[in-house]
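Colleague: For the record, the sequence lines run as chains A and B.
Mapping to our numbering: the first sequence position 85 is 85, numbers consecutive.
Every position in the second sequence, counted from 1, becomes a number in our numbering once 110 is added.
One should not assume that every hint holds.
As the list claims (entries may be wrong) - Calculated pairs, SDA-like style, for lysine to any residue (alpha carbon to alpha carbon, straight line, at most 25 Å):
(1) K58/A - R43/A
(2) K109/A - L11/A
(3) K154/B - K109/A
(4) K42/A - T196/B
(5) K42/A - D148/B
(6) K154/B - N95/A
(7) K37/A - G113/B
(8) K22/A - E169/B
(9) K109/A - L40/A
(10) K167/B - E5/A
(11) K42/A - M137/B
(12) K68/A - Y210/B
(13) K167/B - Q97/A
These aren't lab readings, by the way, just hints derived from the structure by calculation.
As the structure is a computational prediction, the values presented were derived from the model and not from experiment.
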Amino acid sequence: GENVEQHPSTLSVQEGDSAVIKCTYSDSASNYFPWYKQELGKRPQLIIDIRSNVGEKKDQRIAVTLNKTAKHFSLHITETQPEDSAVYFCAGDSNYQLIWGAGTKLIIKP
Amino acid sequence: NAGVTQTPKFRILKIGQSMTLQCTQDMNHNYMYWYRQDPGMGLKLIYYSVGAGITDKGEVPNGYNVSRSTTEDFPLRLELAAPSQTSVYFCASSEGRPTYNEQFFGPGTRLTVL
Numbered sequence: 001g002e003n004v005e006q007h008p009s010t011l012s013v014q015e016g017d018s019a020v021i022k023c024t025y026s027d028s029a030s031n032y033f034p035w036y037k038q039e040l041g042k043r044p045q046l047i048i049d050i051r052s053n054v055g056e057k058k059d060q061r062i063a064v065t066l067n068k069t070a071k072h073f074s075l076h077i078t079e080t081q082p083e084d085s086a087v088y089f090c091a092g093d094s095n096y097q098l099i100w101g102a103g104t105k106l107i108i109k110p
Numbered sequence: 111n112a113g114v115t116q117t118p119k120f121r122i123l124k125i126g127q128s129m130t131l132q133c134t135q136d137m138n139h140n141y142m143y144w145y146r147q148d149p150g151m152g153l154k155l156i157y158y159s160v161g162a163g164i165t166d167k168g169e170v171p172n173g174y175n176v177s178r179s180t181t182e183d184f185p186l187r188l189e190l191a192a193p194s195q196t197s198v199y200f201c202a203s204s205e206g207r208p209t210y211n212e213q214f215f216g217p218g219t220r221l222t223v224l
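Chain A extracted, bound-state conformation (with noise of 0.2 Å):
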């Protein structure tokens, strides 16, 4: 089955500077790649997506990067604002799931 694993665990940034959240996964079959963002007491919410046919994709200050030969996906965050402290979760699909990473922890130092 599918494994996704996610680094770091947590990431420290100044504020405005940019941050990388990357994660792997194991199924080859795998089409769908989820970020949700997850803030402090909060439930997780839908931040950005990439289907597998798709190499990159952006919204406003976030981007999502897939390779699919090397299977990995990335989330980039730009000009990190102290909004953007959270917990991120990645995700891969696999026998119509969502399999998902371990979370990194994302801090924006003032």
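Following the hints, put chain B in place on chain A, whose structure we already have.
Modeller: For chain B alone, coordinates are given in the frame of chain A:
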């Protein structure tokens, strides 16, 4: 629309007790899910349902049961609670298959088993 709602928000159980976590969605979604989230871990799928009357096991179903008698409701039953079931439980729903559709989460239930 209220989206996905869960009750209770918090609960403390003694070992061996039972309880039902309630989940309701008003988006007419066919797919519903129960996850557990342990500290520092990702979401683990407990059970899911693709429509009323149809449920199936996820990664970690042991110690739990579900039912889906209506499109709106998807309760999760814990029988004989154990400390290992201490976790935050999230219910979620999606319009279609999770492999191509956004999942909408409820606010979560924080359960402690002592």
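Colleague: Hint by hint, say whether it matches the structure.
Modeller: Verification of the supplied hints:
1. Note on K58/A and R43/A: the hinted pairing holds, with a Cα-Cα distance of about 23 Å set against a maximum of 25 Å.
2. A C-alpha spacing of about 10 Å is found between K109/A and L11/A, which places the hinted pair at or below 25 Å, so the restraint holds.
3. About 30 Å separates the Cα atoms of K154/B and K109/A, which puts this hinted pair outside 25 Å; it is violated.
4. This hinted pair checks out: K42/A and T196/B have alpha carbons roughly 18 Å apart, not beyond 25 Å.
5. Between K42/A and D148/B the CA atoms are separated by roughly 14 Å; this keeps the pair inside 25 Å, and the hint holds.
6. Note on K154/B and N95/A: the hinted pairing holds, with a Cα-Cα distance of about 15 Å set against a maximum of 25 Å.
7. Distance restraint check for K37/A and G113/B: the Cα-Cα separation of roughly 18 Å lies within the 25 Å cut-off, and the hinted pair is therefore satisfied.
8. Note on K22/A and E169/B: the hinted pairing holds, with a Cα-Cα distance of about 23 Å set against a maximum of 25 Å.
9. Of the pairs offered as hints, the one joining K109/A and L40/A holds, with about 16 Å between alpha carbons and a cut-off of 25 Å not exceeded.
10. Between the alpha carbons of K167/B and E5/A the distance comes to roughly 22 Å, so the proposed pair stays at or under 25 Å and holds.
11. Proximity of K42/A to M137/B is assessed by CA-CA distance (about 20 Å); at most 25 Å being required, the pair is judged to hold.
12. Our distance criterion of 25 Å between C-alpha atoms is met by K68/A and Y210/B, whose separation comes to about 17 Å.
13. Taken as a hint, the K167/B and Q97/A pair is honoured in the structure, with Cα atoms around 11 Å apart against an allowance of 25 Å.
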